[in-house]
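Student: Spelled out, the chains give:
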Amino acid sequence: GQQVQQSPASLVLQEGENAELQCNFSTSLNSMQWFYQRPGGSLVSLFYNPSGTKHSGRLTSTTVIKERRSSLHISSSQTTDSGTYLCALEQGYQNFYFGKGTSLTVIP
Amino acid sequence: EAAVTQSPRNKVAVTGGKVTLSCNQTNNHNNMYWYRQDTGHGLRLIHYSYGAGSTEKGDIPDGYKASRPSQENFSLILELATPSQTSVYFCASGDSGYAEQFFGPGTRLTVL
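Here the protein sequences line up with chains W and D, keeping their order.
Using the numbering used here, read the first sequence as starting at 1 and increasing by one per residue.
Using the numbering used here, read the second sequence as starting at 1 and increasing by one per residue.
Because the hints were derived from the structure by calculation, they are not lab data.
Check the hints yourself; a few may be wrong.
[Unchecked claim] Here are the simulated distance ranges between beta carbons:
id: 1; chain 1: D; residue 1: ILE60; chain 2: W; residue 2: SER10; range: 21 to 29 Å
id: 2; chain 1: W; residue 1: ILE107; chain 2: D; residue 2: THR39; range: 22 to 30 Å
id: 3; chain 1: D; residue 1: ALA99; chain 2: W; residue 2: PRO8; range: 45 to 53 Å
id: 4; chain 1: W; residue 1: GLY57; chain 2: D; residue 2: GLY97; range: 41 to 49 Å
id: 5; chain 1: D; residue 1: ARG9; chain 2: W; residue 2: SER82; range: 19 to 27 Å
id: 6; chain 1: D; residue 1: SER84; chain 2: W; residue 2: GLY57; range: 24 to 32 Å
id: 7; chain 1: D; residue 1: SER67; chain 2: W; residue 2: GLY16; range: 44 to 52 Å
id: 8; chain 1: D; residue 1: ARG108; chain 2: W; residue 2: GLN3; range: 24 to 32 Å
id: 9; chain 1: D; residue 1: SER84; chain 2: W; residue 2: ALA9; range: 22 to 30 Å
id: 10; chain 1: D; residue 1: PRO105; chain 2: W; residue 2: GLN5; range: 23 to 31 Å
[Unchecked claim] Straight-line Cα separation of at most 27 Å, DSS-like style, residue types lysine-lysine; simulated pairs:
id: 11; chain 1: D; residue 1: LYS11; chain 2: D; residue 2: LYS65
id: 12; chain 1: W; residue 1: LYS100; chain 2: W; residue 2: LYS54
id: 13; chain 1: D; residue 1: LYS65; chain 2: D; residue 2: LYS18
id: 14; chain 1: W; residue 1: LYS100; chain 2: D; residue 2: LYS65
id: 15; chain 1: D; residue 1: LYS57; chain 2: D; residue 2: LYS11
id: 16; chain 1: D; residue 1: LYS18; chain 2: D; residue 2: LYS57
id: 17; chain 1: W; residue 1: LYS54; chain 2: W; residue 2: LYS66
id: 18; chain 1: W; residue 1: LYS54; chain 2: D; residue 2: LYS57
id: 19; chain 1: W; residue 1: LYS100; chain 2: D; residue 2: LYS11
For every residue, glycine included, the Cβ atom is placed at its ideal position computed from N, Cα and C.
Extracted from the complex, chain W is given alone in its bound form (with noise of 0.2 Å):
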């Protein structure tokens, strides 16, 4: 079944609002990782983080292994934002899973 699910699938934002995307697994984890991806583009590493909270510019990781979540959370949102964002599960060594990504678009 499917081991990482992603949400919403897409969204679309004014400039300046925040957003929350979700990543929710239905198996243990090992760690857990965000990446952001322009269309037709590769994939940029925004966090490494199997657990806890970490920060980046306007960027802020949550990863809750207890209940199998983890949320990328996007404040004052810039029409660069734009983009699909990933999240990757390492379930057992070597074991990667992704979701299915989420779609946003930052309108000015």
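Assemble chain D onto chain W, guided by the hints.
Tutor: Below, chain D alone, put in the same frame as chain W:
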């Protein structure tokens, strides 16, 4: 300077032909991975490697072989390409153990 590079960036192949996708990393990472990305399926792991000389099967290895001749290089080989292998292929590297992955720019493969 890009730490994970892939070549070619775009490739058109014919059904039944042999295709080799190459990946090079300057991160000095032990682990390397090959994924494919398709609409509706997301990213799926094809093969991975723990170091030079090792290759392991991922979730969808059928129709693919891999080769890791050195720490820096990891190749994905399609001996008999089929149209179902049309996709975008990504290579990634990472340290041993549970560690962050770093991705290359991707190769767009079209099999006619």
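Student: Now look at each hint and say whether the structure bears it out.
Tutor: So, going through the hints one by one against the coordinates:
1. ILE60/D - SER10/W: 21 to 29 Å: holds (26 Å)
2. ILE107/W - THR39/D: 22 to 30 Å: holds (23 Å)
3. ALA99/D - PRO8/W: 45 to 53 Å: violated (29 Å)
4. GLY57/W - GLY97/D: 41 to 49 Å: violated (28 Å)
5. ARG9/D - SER82/W: 19 to 27 Å: Given about 23 Å between the Cβ atoms, the range holds.
6. SER84/D - GLY57/W: 24 to 32 Å: This hint is violated: roughly 41 Å between Cβ atoms.
7. SER67/D - GLY16/W: 44 to 52 Å: holds (49 Å)
8. ARG108/D - GLN3/W: 24 to 32 Å: Holds - the Cβ-Cβ distance for ARG108/D and GLN3/W, about 26 Å, lies within 24 to 32 Å.
9. SER84/D - ALA9/W: 22 to 30 Å: holds (25 Å)
10. PRO105/D - GLN5/W: 23 to 31 Å: Cβ of PRO105/D to Cβ of GLN5/W: about 28 Å, so the range 23 to 31 Å holds.
11. LYS11/D - LYS65/D: holds (18 Å)
12. LYS100/W - LYS54/W: holds (23 Å)
13. LYS65/D - LYS18/D: holds (11 Å)
14. LYS100/W - LYS65/D: holds (25 Å)
15. LYS57/D - LYS11/D: holds (24 Å)
16. LYS18/D - LYS57/D: holds (20 Å)
17. LYS54/W - LYS66/W: holds (17 Å)
18. LYS54/W - LYS57/D: Cα-Cα ~33 Å, so violated.
19. LYS100/W - LYS11/D: Distance ~25 Å between LYS100/W and LYS11/D Cα, so the pair holds.
When held up to the earlier numbered hints, the structure conflicts with 3, 4, 6, 18 and fits the remainder.
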